[in-house]
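> Chain by chain, the residues:
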Amino acid sequence: EVQLVQSGAEVKKPGESLTISCQGSGNRFITNWIAWVRQMPGKGLEWMGMIFPDDSDTRYSPSFQGQVSMSVDKAISTAYLRWSSLKASDTAMYYCATLMGSSAWFDPWGQGTLVTVSS
Amino acid sequence: QSVLTQPPSASGTPGQRVTISCSGSTSNIGKNPVFWYQQFPGAAPKLLIYRSNQRPSGVPDRISGSKSDTSASLAISGLRSEDEADYYCAARDDRLGGPVFGGGTKLTVL
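Chains as they are written, first to last, in the numbering used here: chain A, 1 to 119; chain B, 1 to 110.
Only chain A is shown next, with the shape it has when bound in the complex (with noise of 0.2 Å):
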């Protein structure tokens, strides 16, 4: 089974870029969607999009198009998650996760990855 685990936390000042990781072990990593979800303080999980590690294929939310951009390094099994000019509003946390095919199949979810944002 596929395990996924995410760099730490970071704090960062408004207008400044970011990525952060998720990197999977195990041979299911590449023919698995790779899924990023965001939780802000106090709220719900929302889907930001996915990435097919095996051609980087992407499918973005449209709440998050422009937003943010996802990319993958199938070499060593690592999803990537960037921002160019963050946002105080970008504070959350954000955790990656298996997606199974076309459903809402969220299986196994990294640790999760805080971001903060404030000046």
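Rather than coming from a laboratory, the hints here were simulated on the basis of the structure.
None of the values given here were measured: they were computed from a predicted structure.
A portion of the hints provided could be inaccurate.
Derived lysine to aspartate or glutamate pairs resembling DMTMM-like cross-links, with alpha carbons at most 20 Å apart [stated by the list, open to error]:
| no. | chain 1 | residue 1 | chain 2 | residue 2 |
| --- | --- | --- | --- | --- |
| 1 | A | Lys13 | A | Asp90 |
| 2 | B | Lys106 | A | Glu16 |
| 3 | A | Lys43 | B | Glu84 |
| 4 | B | Lys46 | A | Asp107 |
| 5 | B | Lys46 | B | Asp94 |
| 6 | B | Lys46 | B | Asp83 |
| 7 | B | Lys46 | A | Glu46 |
| 8 | A | Lys87 | A | Glu16 |
So these bits of chain A aren't anywhere near chain B, every CB distance computed over 10 Å [as the list claims (entries may be wrong)]:
| no. | residue |
| --- | --- |
| 9 | Lys12 |
| 10 | Ser21 |
| 11 | Phe52 |
| 12 | Ser71 |
Output of the computed footprint for chain B on chain A, the stretches with three or more beta carbons under 8 Å from beta carbons of chain B [unchecked claim]:
| no. | stretch |
| --- | --- |
| 13 | 58–66 |
| 14 | 98–104 |
| 15 | 110–117 |
Quick reminder that beta carbons are idealized off the backbone N, C-alpha and C, glycines included.
Got chain A sorted already, so can you dock chain B onto it with the hints?
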């Protein structure tokens, strides 16, 4: 505002049965299976129910899921203090082209 609608809170006493509802539409629950996730404070969500009514290994059979038309429910019987958590439903939305979540239900064991 979430695409899927859940009550913000639910509660019960130990041993009781509680249900959490999840309401959607023909573009999501009406056409696709529902998934439920359990999240404890400070932890990542965990899959609790898949394909509307299937339990992953390790999830006790006192937890069950069902779906009818554009709604789904999660039922927890024999309520225990360790069930106190947030619960989220999710389904693929064919109009969005991806998954959508409910707003989450905070379950309190009194």
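> Would you mind marking each hint as holding or not holding in the structure?
Hints and how they fare:
| no. | hint | verdict |
| --- | --- | --- |
| 1 | Lys13(A) <-> Asp90(A) | 11 Å, holds |
| 2 | Lys106(B) <-> Glu16(A) | 35 Å, violated |
| 3 | Lys43(A) <-> Glu84(B) | 17 Å, holds |
| 4 | Lys46(B) <-> Asp107(A) | 7 Å, holds |
| 5 | Lys46(B) <-> Asp94(B) | 24 Å, violated |
| 6 | Lys46(B) <-> Asp83(B) | 13 Å, holds |
| 7 | Lys46(B) <-> Glu46(A) | 15 Å, holds |
| 8 | Lys87(A) <-> Glu16(A) | 8 Å, holds |
| 9 | Lys12 | 21 Å, holds |
| 10 | Ser21 | 16 Å, holds |
| 11 | Phe52 | 13 Å, holds |
| 12 | Ser71 | 18 Å, holds |
| 13 | 58–66 | holds (count 3) |
| 14 | 98–104 | holds (count 4) |
| 15 | 110–117 | holds (count 3) |
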